[in-house]
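**Q** Chain by chain, the residues:
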Amino acid sequence: MTRQTFHIAVVIAALALFLWMDGSAKAARVFPARSAQGPLMVRVDSQKDIYVVYQRSGLWGARVVHLNRFLNLVDYLPREENVTMPFPVRVGDVRPLYEKGLDSHNWLFIANRTGMVRTVTVVLPAPVLRERLVQFEGDFAFSVSGEIVRGYTHDMPLTVTTLDAMPAIREPVIVNVDAGYFGFGEDPGRVLAGLREKCPDIRLIVVSGSRDEPEVVDGDRKRLRQFEKAWSSRG
Amino acid sequence: MMRRLWGNHHAVLWGIFALALFVRAYGLPAQPPTDDEVGTASAALNYVTSGLFGQVMWYHPPLRNIVILTAGKLFGGYSAWGLRGGSLLFGSAAVLLLGYLVHGLFGKRTAAYIAAFFLAVDPLHIYLSRVAFQETTTSFFIVAGTLASLHAIRKDNVLLCYLSGALYGIASASKWNGLFPWAVSAASYLLYPWLCRDRAEQRQPGKRLLTAFSAYLVVPVAIYTALYLPWLQRGYSLGDFAGLQAWLVKHQYFWKGTPYTEDILSHRAYQWFLWPVAWVDFVFHQGKAYLSIAMGNLLAWVLTLPALFFAVREWLRSRTFELGYVLAIFFASYLPLLLTTRSIWVFIATPLLVFAFTLSSYAVDALLERRALSARTVIVYLAFVLALSAIMYPMSTFQALDHAWMKPLAEFYTPHR
Numbered sequence: 002m003t004r005q006t007f008h009i010a011v012v013i014a015a016l017a018l019f020l021w022m023d024g025s026a027k028a029a030r031v032f033p034a035r036s037a038q039g040p041l042m043v044r045v046d047s048q049k050d051i052y053v054v055y056q057r058s059g060l061w062g063a064r065v066v067h068l069n070r071f072l073n074l075v076d077y078l079p080r081e082e083n084v085t086m087p088f089p090v091r092v093g094d095v096r097p098l099y100e101k102g103l104d105s106h107n108w109l110f111i112a113n114r115t116g117m118v119r120t121v122t123v124v125l126p127a128p129v130l131r132e133r134l135v136q137f138e139g140d141f142a143f144s145v146s147g148e149i150v151r152g153y154t155h156d157m158p159l160t161v162t163t164l165d166a167m168p169a170i171r172e173p174v175i176v177n178v179d180a181g182y183f184g185f186g187e188d189p190g191r192v193l194a195g196l197r198e199k200c201p202d203i204r205l206i207v208v209s210g211s212r213d214e215p216e217v218v219d220g221d222r223k224r225l226r227q228f229e230k231a232w233s234s235r236g
Numbered sequence: 007m008m009r010r011l012w013g014n015h016h017a018v019l020w021g022i023f024a025l026a027l028f029v030r031a032y033g034l035p036a037q038p039p040t041d042d043e044v045g046t047a048s049a050a051l052n053y054v055t056s057g058l059f060g061q062v063m064w065y066h067p068p069l070r071n072i073v074i075l076t077a078g079k080l081f082g083g084y085s086a087w088g089l090r091g092g093s094l095l096f097g098s099a100a101v102l103l104l105g106y107l108v109h110g111l112f113g114k115r116t117a118a119y120i121a122a123f124f125l126a127v128d129p130l131h132i133y134l135s136r137v138a139f140q141e142t143t144t145s146f147f148i149v150a151g152t153l154a155s156l157h158a159i160r161k162d163n164v165l166l167c168y169l170s171g172a173l174y175g176i177a178s179a180s181k182w183n184g185l186f187p188w189a190v191s192a193a194s195y196l197l198y199p200w201l202c203r204d205r206a207e208q209r210q211p212g213k214r215l216l217t218a219f220s221a222y223l224v225v226p227v228a229i230y231t232a233l234y235l236p237w238l239q240r241g242y243s244l245g246d247f248a249g250l251q252a253w254l255v256k257h258q259y260f261w262k263g264t265p266y267t268e269d270i271l272s273h274r275a276y277q278w279f280l281w282p283v284a285w286v287d288f289v290f291h292q293g294k295a296y297l298s299i300a301m302g303n304l305l306a307w308v309l310t311l312p313a314l315f316f317a318v319r320e321w322l323r324s325r326t327f328e329l330g331y332v333l334a335i336f337f338a339s340y341l342p343l344l345l346t347t348r349s350i351w352v353f354i355a356t357p358l359l360v361f362a363f364t365l366s367s368y369a370v371d372a373l374l375e376r377r378a379l380s381a382r383t384v385i386v387y388l389a390f391v392l393a394l395s396a397i398m399y400p401m402s403t404f405q406a407l408d409h410a411w412m413k414p415l416a417e418f419y420t421p422h423r
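For the record, the sequence lines run as chains A and B. Numbering-wise (this note's numbering), the first sequence opens with residue 2 and increments by one. Numbering-wise (this note's numbering), the second sequence opens with residue 7 and increments by one.
Just chain B, with the same shape it has in the complex:
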C-alpha cells in the first residue's frame, strides 16, 4: 500500500501540499496584523479605486494590491484569511507546483518529493505565506511560468509559450525577480533546437524569433502594463509609465532600509546558504508584543552550494538541457542579488530558493541512485530537517517571545543592543 502510494507522484505531491497548507494556515487568525499588513490592505483598496500607491513597498509592481483586494472580496473582508489569503494560497500552491516542476525536469519522483518537502517546511517560506506581502505570490508565478516554459520548449507548444509568457508577466508584476527566469526561458526557447542536436528540424530562426517576440515579450509586457491600469487612470500616458519604470529601477538600486534592517540584520545574499540569516518583524498589538524571527531551514539551505557544484559538474558531463536550464535560471536569479551594492535581505530569497531546492533535490536523488547515499541516511536527514523546522515554527509565526528558550535569539535581534 505504502509502496503504491509512494509510486503515485500526484498523491504524494498533493499530500505535501496539504501539509504545506496546514502549517501555513494553522493559527493564522491568532497572528495579529502588522502595521505594514494594514498598510497593504489600505494600499490594495486605494490602488484599485483611485490608482494611488500605498506607503508599504509602493515601489514594487502593483500585483499585490490586486491579490489582496481579491482575497479580501473572496473571504468577505480583511479577516486573517481575507488579508493573507493570497500569500497563503500561492505559498502553498508553490509547493505543489515545485514538485511538478522538478518531476517534469528530471522525471524523478524522489527529487520532486524532496524539493516540495523542503519548501513545504521551510520556516522562512512559512513566514512569508502568513503575511500579506508579495513574496510567495512572486515565487508561485515564477515556478508556474517555468513549468509552462519547460513543457512549451520541449513540445514546441505555442500555447504553452503564451501561458509561460503570461505567467512571467504576472510574476514580474508582483516583483522584478520574475524578470530573470523570464529572460532565461525566452532565450532557452529561442536556442533550444541549437542546444539539442535531436531537434535540428526545429531550427527555423525566423519562426522561433516571432514566437519568442510575441509570447515572451509582447504578452508579458502587455500584462505587466495592464496591471498598472489604475495608476494610468490618474491621467498618466504610456510615456509617463515608461518614465516611472526607469525611475523605479533607480529607486530600487539606491534603496536603503530602516537603520535596524541596515545595521542589525544581515543583508548580503552571499550569506544565505552559508549560515543562518534572519528577517525580523515585530508588532505590538492590544498590549502584547509579537516577534517573528524568520530564517530558512539551515539543514536544507546549506545543501545549495554543494548541490550547485555537483549539478554544474554533472551538466559539464551530460550537457542535458533540463539541468542547464535550471542552472541558468539559478545563476541569472542569484547573480544580480549577489553583485548589487544595495542591501538584500533574506525575505527576498524565495524566488531563488525554489531553484536552490530544485538543485538540492536533484543532487540528493542522483546520489541515492548511485548508492553514494543510502535511503536510510536521506530519511534520517529529512527527519532532522523536519525537526528543525518544527523547532523554528514558533519563530516564524510571531511567537518568538512566547517561549523562554528563544530569549537569547530575541535578545540577539533586539534593536536596543
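In isolation and in its complexed conformation, chain A is listed as follows:
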C-alpha cells in the first residue's frame, strides 16, 4: 500500500465514522410513532404536568415546539450535585435530582437536562416577543434576526419566534400549546392553521390549562378549548 492509498483509506474511514455518528445519534431519538388518526392530543392542568406526559411517552432527544407566553426555561441546577463529602465520593444518576426541583417555570429546561428534549422552538405571541427582543439582543447567548431569536441555554439550542415568523420544521415534533399563549388576542383557528403548515409531522400535542399560573385567566383557557375543539374536529 502506498502512502497516498493509506491516507485516502484513513480519510474514508473517518468519513464513515462521521456518517455513523450522525446516523446513530439521529436513530437514538425516541418519539411517538406516526398515527393514521393524527397525533395524540393530551390535556394537562399545569405547565409542569407536560413533563410527566413526556416521561410517559418515553421521549428521548425530541424536538419541541412550545407555544406559550413564557419560555419555561429557567435554569435549574441541583446544588446536591456539587457538595463535598468524605472519600469515597459516591455519585449517581442526577436526573432524579433535577426532577426534584421541577416547577412550572423550569420544566422545559429540566426536560432537556434529562435528555427528553434536545431542542426547543418557543413560539411567543407577537407582542410578547417584541417586548422581550431587547433582552435577547443584550444577551451574548442569542442572536436576533427580525422576529427569529436563535441561541443556547447551556448546551441546548433553542429558537424563540412568533408563529408567523417560525421556519417550517421538516422533522417529527412534539407540540405544547399553553393557555397562556392565547392571552394576546391570538385566534385559535389561525394558530391551528399555522401549526399544520409549519409542523407537518406532529407526533404528540400537549395542551395545558396552566391552572397554576396566576397570569393566565379563564378567557385564555376558553380559547385553548376552542383550539382543542378545532384540532379534534379537523382530525
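Hints in this document: simulated from the structure, not taken from any laboratory. Any given hint might turn out to be false.
[Stated by the list, open to error] So the derived label-pair ranges between C-beta atoms look like this:
1. B:R319 - A:G93: 52 to 60 Å
2. A:A34 - B:A248: 23 to 31 Å
3. B:A36 - A:T3: 52 to 60 Å
4. A:Q136 - B:L311: 43 to 51 Å
5. B:F260 - A:A28: 17 to 25 Å
6. A:T3 - B:L311: 17 to 25 Å
7. B:A206 - A:R4: 49 to 57 Å
8. B:A36 - A:R57: 42 to 50 Å
9. B:F260 - A:A194: 36 to 44 Å
10. B:A252 - A:R171: 20 to 28 Å
11. A:A28 - B:Q210: 48 to 56 Å
12. A:Q136 - B:Y259: 15 to 23 Å
13. A:R44 - B:A252: 33 to 41 Å
14. B:R274 - A:E81: 46 to 54 Å
[Unchecked claim] With the Cβ distance kept under 8 Å, some of the chain B side facing chain A (calculated, not the full set):
15. T40
16. A47
17. S48
18. F59
19. Y84
20. S85
21. A86
22. T217
23. A232
24. L250
25. K256
26. F260
27. V289
Built from N, CA and C at the ideal position, the CB exists for glycine as well.
Starting from the known structure of chain A, fit chain B onto it as the hints suggest.
**A** Coordinates of chain B only, in the frame set by chain A:
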C-alpha cells in the same frame, strides 16, 4: 557511579518522574474533595451514561469525564486515587515526557533534566495534579503530541504524524489549549522541507498536503468529535455539534468568573512570568477549613522572559528548526492568552508552562556550555528552586491554614477584605 548515572538520561528522567509522582501523591487521601471535584465525578458518570454535561466547567470539551470515570473504574471507586488518578498520572507522566521532549529537541541531557525538574517541583503543577480537573491531562497530551510531531517531522514518518495528530486531538478534547501547538505542528510538518535546506528532496507539496490533511486534520477532528459521542447520543446531529462548538467559542470568549476570581485574584496572562500569581481554592470539609494557594515557583518562572529573549536571539543567529519550532509553539500558545480581553487565571498556564520550561532549560544549558554560567551557580540556583517549592508545598496541597507563617498570605487572599 554518579557520573555514569548522570550520563544515562533515561535513568535520570525516570528518577525525576519518581520524584514528581511522589510529591503529587504524598498525602493525597488527606486532601478532601472540593465541591467542584465531587461535581466532576458526577459529571463523569452522567456524561458517559446519558450524555449530560455536568455543572463544573461543562463548556470545556468532555475528555475529563472519560478520564475521571476510567480512573474511578481502575481504582475501584472514587477514593482519592480514583477521583484524582487521571490528573496524578498524567501530571507526573508529563514531567517524564517533557524531559524526553527537551532531550529530543536539543540533544542536551542537562536541559532535559532541568526542564523535567522545574515541572516536577512546580507548586502550581503539583496542585493541578492533585485535583480532579483537566489541566494536567491537557498538558500531558500536548507534550506527547509535540514529542511525536518532532520525530514525525524529522524522520518524515507517517505513522508518527498520525500519532501526533491523534494526541493533539485528544489534548484539544481536554481543553482548547491543544489547538495552538497542534496548528504549529501541522504547519511545521508542511513547511519543514522548505525550512531546512538539506531536506530539498522532500519538497513534494501534494504529498505533504495530503499527509497533513489526513494526519493533522481528519484524524484529530474525528477523535475530538468521537469524544462527544455520549452527547450526540442525546439525539444531536453533526450539524448540531458544529453549532455547539461555535456557541462554546462565544461562551468561552465572554466567560466571566465568580466575583472572587474576577475581583481579587490576578487574571491577566502577562503577569505570570513577572511576579507571583495565585489560584486559590477552598473547601470546608467535616468541620475544618482547607485552603490552597497555588502559585508557580517564581524562581523558575521568572527565567521565562529572559530565556525567551535569549532563545529568539539564538534562533535569529542559527535558524535551527528545533528552536524555531518551540518558539513558534510558545508564541502561538501564549499570544491568545495575552491578547484576550476576558480573564485568564494562572491555572490555565500549564500548557504554556511546559514550553516556558523548555526555553528556560535550553538557555541555562547553553550558558553552561559557554561557561557564562558555572555549574556551581546552576546547582545553587536549582537548590533554591527546590527549597522554594518545598516551602510552597503546603500552600499547594490545601494546608495553607495549617501553618501560622502562611497567615498573612491567607489573609491577603480572603474574599472578605
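**Q** Against each hint, give a clear statement of whether it holds in the structure.
**A** Hint check results:
| no. | hint | in the structure |
| --- | --- | --- |
| 1 | B:R319 - A:G93: 52 to 60 Å | holds (58 Å) |
| 2 | A:A34 - B:A248: 23 to 31 Å | holds (30 Å) |
| 3 | B:A36 - A:T3: 52 to 60 Å | holds (58 Å) |
| 4 | A:Q136 - B:L311: 43 to 51 Å | holds (45 Å) |
| 5 | B:F260 - A:A28: 17 to 25 Å | violated (35 Å) |
| 6 | A:T3 - B:L311: 17 to 25 Å | violated (47 Å) |
| 7 | B:A206 - A:R4: 49 to 57 Å | violated (19 Å) |
| 8 | B:A36 - A:R57: 42 to 50 Å | holds (48 Å) |
| 9 | B:F260 - A:A194: 36 to 44 Å | holds (40 Å) |
| 10 | B:A252 - A:R171: 20 to 28 Å | holds (22 Å) |
| 11 | A:A28 - B:Q210: 48 to 56 Å | violated (42 Å) |
| 12 | A:Q136 - B:Y259: 15 to 23 Å | holds (20 Å) |
| 13 | A:R44 - B:A252: 33 to 41 Å | holds (39 Å) |
| 14 | B:R274 - A:E81: 46 to 54 Å | violated (35 Å) |
| 15 | T40 | holds (6 Å) |
| 16 | A47 | holds (5 Å) |
| 17 | S48 | holds (4 Å) |
| 18 | F59 | holds (6 Å) |
| 19 | Y84 | holds (4 Å) |
| 20 | S85 | holds (5 Å) |
| 21 | A86 | holds (5 Å) |
| 22 | T217 | holds (6 Å) |
| 23 | A232 | holds (7 Å) |
| 24 | L250 | holds (6 Å) |
| 25 | K256 | holds (6 Å) |
| 26 | F260 | holds (5 Å) |
| 27 | V289 | holds (5 Å) |
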